[in-house]
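Undergrad: Read off the chains here:
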Amino acid sequence: MLDRREICAEVLRDRGPMLCVASLGAAAWDITAIGDGPQNLPLWGGMGGAAMIGLGLALAQPEVPVLVIAGDGEMLMAVGSLATIAHQAPRNLAVLVLDNEHYGETGMQATATRHGTDLLVMAQGAGISRTRRIASLDDVRALRAEALAMQGPLFALAKIDPAPKPLVLPPREGALLQARMREHLLGPSAHTA
Amino acid sequence: MESAPNAQATWPDDLYDLLKRHGIRQVALVPDAGHARLIRRCEADNDLRVVTVTTEEEGVALMQGAWLGGQKAVLLMQSSGVGNCINMLSLSAIHRCPMPMIVTMRGDFGEFNPAQVPMGQATQAVLEAMGTIVHRADRAEDVIPTAEATLKLAFNTFRPAATLIGQRVLGAKTFGKDD
Numbered sequence: 001m002l003d004r005r006e007i008c009a010e011v012l013r014d015r016g017p018m019l020c021v022a023s024l025g026a027a028a029w030d031i032t033a034i035g036d037g038p039q040n041l042p043l044w045g046g047m048g049g050a051a052m053i054g055l056g057l058a059l060a061q062p063e064v065p066v067l068v069i070a071g072d073g074e075m076l077m078a079v080g081s082l083a084t085i086a087h088q089a090p091r092n093l094a095v096l097v098l099d100n101e102h103y104g105e106t107g108m109q110a111t112a113t114r115h116g117t118d119l120l121v122m123a124q125g126a127g128i129s130r131t132r133r134i135a136s137l138d139d140v141r142a143l144r145a146e147a148l149a150m151q152g153p154l155f156a157l158a159k160i161d162p163a164p165k166p167l168v169l170p171p172r173e174g175a176l177l178q179a180r181m182r183e184h185l186l187g188p189s190a191h192t193a
Numbered sequence: 001m002e003s004a005p006n007a008q009a010t011w012p013d014d015l016y017d018l019l020k021r022h023g024i025r026q027v028a029l030v031p032d033a034g035h036a037r038l039i040r041r042c043e044a045d046n047d048l049r050v051v052t053v054t055t056e057e058e059g060v061a062l063m064q065g066a067w068l069g070g071q072k073a074v075l076l077m078q079s080s081g082v083g084n085c086i087n088m089l090s091l092s093a094i095h096r097c098p099m100p101m102i103v104t105m106r107g108d109f110g111e112f113n114p115a116q117v118p119m120g121q122a123t124q125a126v127l128e129a130m131g132t133i134v135h136r137a138d139r140a141e142d143v144i145p146t147a148e149a150t151l152k153l154a155f156n157t158f159r160p161a162a163t164l165i166g167q168r169v170l171g172a173k174t175f176g177k178d179d
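Line by line, the protein sequences give chains A and B.
Sequential numbering of the first sequence, starting at 1, is according to our numbering.
Sequential numbering of the second sequence, starting at 1, is according to our numbering.
Treat the hints with caution; some may be incorrect.
[To be verified] A short list of chain B residues far from chain A (calculated; beta carbon distances all over 10 Å):
no. : residue
1   : Ala4
2   : Ala9
3   : Glu57
4   : Glu58
5   : Phe109
6   : Phe112
7   : Pro118
8   : Gln121
9   : Ala122
10  : Gln124
11  : Arg136
12  : Pro145
13  : Thr146
14  : Ala149
15  : Thr157
16  : Gly176
[As the list claims (entries may be wrong)] Chain A stretches covered by chain B per the calculated footprint, using a threshold of three residues with CB under 8 Å from any CB of chain B:
no. : segment
17  : 52–61
18  : 79–89
19  : 173–183
Read the hints as simulated data drawn from the structure, not as lab findings.
Note that the Cβ used here is the ideal one computed from N, Cα and C, for glycine as well.
Looking at chain B on its own, in the form it has when it is part of the complex (with noise of 0.2 Å):
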């Protein structure tokens, strides 16, 4: 089982019309396995820039400038992505500057490769640390409302916020060990 969503799942496609509704224009990514339909999607899409962005921290400066220039972005990212954000983050205390993340788990429920597990298990404690207000979807009928209250809350009120899709979502990669 790879940590992708099944084909059946519909919350990747929601997330796409989400992201679309609530006005995004770039979307900045590391590419993670369980954001790949998604990626795809917005690839797709003349109206959204997606930026593949070298290490995370450079996502979180780019929505920096987007806010600065009128332009709502979101951050696509694993949980492993999230230590290299931390003192960019300060980017959004410093000016109030809505960041809104969508974070893929690893490391987290039925986790088959013990280096995932660390930053995997840091991942909601470094964020808050940074302000960041976290909510976690870990059935896949959570993902929409959930990531749509990350929306609201960095755009509405000015600050980092993010939903973790839990590993119970996307299924734990086990590299053909199913056992």
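Next up, chain A with everything else stripped away, as it sits in the complex (with noise of 0.2 Å):
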């Protein structure tokens, strides 16, 4: 089973521009194990939210790759979403799910990934029809590689060992995540618009 901070490390090594944002618990603690800046928005809220706020992102910035990493209990609260990005169809966006068929964060508790539900099938029963299980790092080198080349929209499935990893937490107030990714993006006009 695939290493999770393996994965995130290969998949934003040479990232170019590439825009990350990553769901509240390990996907957050991991993209900022690997280097925390303001191309990457790590949540700490809006459990759900994910896939969608890459969207409109990758929405507003056409030009620019945008990676979603979620956990498997967060891409399960948010599977409609899978059908809204699949309908909207952004080139730019590629969504990928580190799943450990557990909840991390309360207690290890099982997902319905531990009992047999599929997210690479329901994101492809949603309409995303470009997916991709995720065996080895060269298989995360190639969705990078499609990421950055925006063949999407993009699905990519991990199933990763449960085993917890340090924590590593990133900045915890919210308006700076926000603030230095617009400014990143749109200069200093960011904060006067």
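Mind docking these for me? Both chains are given alone in their own frames, and the hints should help you get the complex.
TA: If you want it as structure tokens, here you go:
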């Protein structure tokens, strides 16, 4: 089984202009462990909203690749947004689900994916035609290449080792997290708009 | 009488003009009869991205993403959809993200359907509990000034703000039982 931090390190290596939205909990700690900065939005709340934040961002910045990294609990809460994304079909949006089959922040209770629910099939059923099962770091590199080439919308699913990782917390002030990405994209005028 | 404005009402077209004047680029919505004409106008405009969401909380998250990327967005919904947004509205407080909402009311003035009343009567309280500044428009001539105040509050002061368009403006749906 793949290591979640190795996946994140690989997908964010040589990321170029790629923006990354990570769902609250382990995915947010993961991208922060790889390296925090204005191209990242690690979420502290809004469970179920990561993919739609990615969609709004991708539509607003159509020439910038956007990667959403979400846990399985997060994605199960938001399967309807897969239909919304399929309908909007932004070529610059990729969703990567790190599926440990558990709610990791709350005591490792099993999620539905532990009992047979397949989020990749759900994404296909929602109408996202470009899907990929991640079984190796080579698969991660292929996903990164497709995402940077903006061949989306893409959906990828990686079954990962559920063992917890050291906590690496991003800044806790959400206004800072938002403002730094807006400034990165829009320049100083982000704050006077 | 449908719960939609009659053909003589100008405010749905005026709302479209208002959204354009304020530079709105993304319109998230779950359809409602009260917004049908506005939705048609938005769909006919190639500079507006209409995002029909499966549940209203998706629209809240979409507004967060749009603002991160430098675009203004608005959420159109019926009052019942407000209940689907509650926790996602945290994003506005967390990041100080503008989130304007234009809500057509049910379970309000002269309602026929008992199922609409619980959420309709809770709509304003629920929004306010999540920090939303709420204004009502209960006369047709109030819709545009109120919606404009909502857009200004949201984008100038970085918070959720909502206009509730009352059923007195929209008319009450009676399923053919007009007595």
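Undergrad: Against chain A, does Glu57 (chain B) keep a CB gap of more than 10 Å to every residue?
TA: Glu57 (chain B) is in fact no farther than 10 Å from some Cβ atom of chain A, at 7 Å.
Undergrad: Beyond 10 Å from every Cβ of chain A: is that where the Cβ of Phe112 (chain B) lies?
TA: Since the minimum Cβ distance to chain A is about 29 Å, Phe112 (chain B) lies beyond 10 Å and the statement holds.
Undergrad: A cut-off of 10 Å on Cβ-Cβ distance, and Gln121 (chain B) was said to be off the interface with chain A. Does that hold?
TA: holds (26 Å)
Undergrad: Taking the closest pair, is the beta carbon of Gly176 (chain B) still more than 10 Å from chain A?
TA: holds (32 Å)
Undergrad: Since Ala9 (chain B) was said not to touch the interface, does its Cβ keep a gap of more than 10 Å from each Cβ of chain A?
TA: The claim holds: Ala9 (chain B) sits with its nearest Cβ about 30 Å from chain A, beyond 10 Å.
Undergrad: Any Cβ of chain A at or closer than 10 Å to Thr146 (chain B), or is the non-interface label fine?
TA: It holds; Thr146 (chain B) is separated from chain A by about 23 Å at its closest Cβ, greater than 10 Å.
Undergrad: Checking the smallest CB distance to chain A, is Phe109 (chain B) really beyond 10 Å?
TA: holds (31 Å)
Undergrad: Would you check chain B against the segment 173–183 of chain A, counting CB to CB pairs closer than 8 Å, and say if three or more residues qualify?
TA: Coverage by chain B holds for the segment 173–183 of chain A (6 residues, Cβ < 8 Å).
Undergrad: For the segment 79–89 of chain A, count the residues whose Cβ lies under 8 Å from any Cβ of chain B; is that count three or more?
TA: holds (count 6)
Undergrad: Taking C-beta pairs only, is Thr157 (chain B) more than 10 Å away from all of chain A?
TA: holds (13 Å)
Undergrad: Quick one: see if chain B covers the segment 52–61 of chain A, three-plus residues with Cβ-Cβ under 8 Å.
TA: Since three or more residues must qualify, the claim that chain B covers the segment 52–61 of chain A holds, with 10 doing so at under 8 Å.
Undergrad: Could you let me know if the closest chain A CB is still more than 10 Å away from the CB of Ala4 (chain B)?
TA: Since the minimum Cβ distance to chain A is about 24 Å, Ala4 (chain B) lies beyond 10 Å and the statement holds.
Going through the hint list in order, the structure does not satisfy hints 3, 4.
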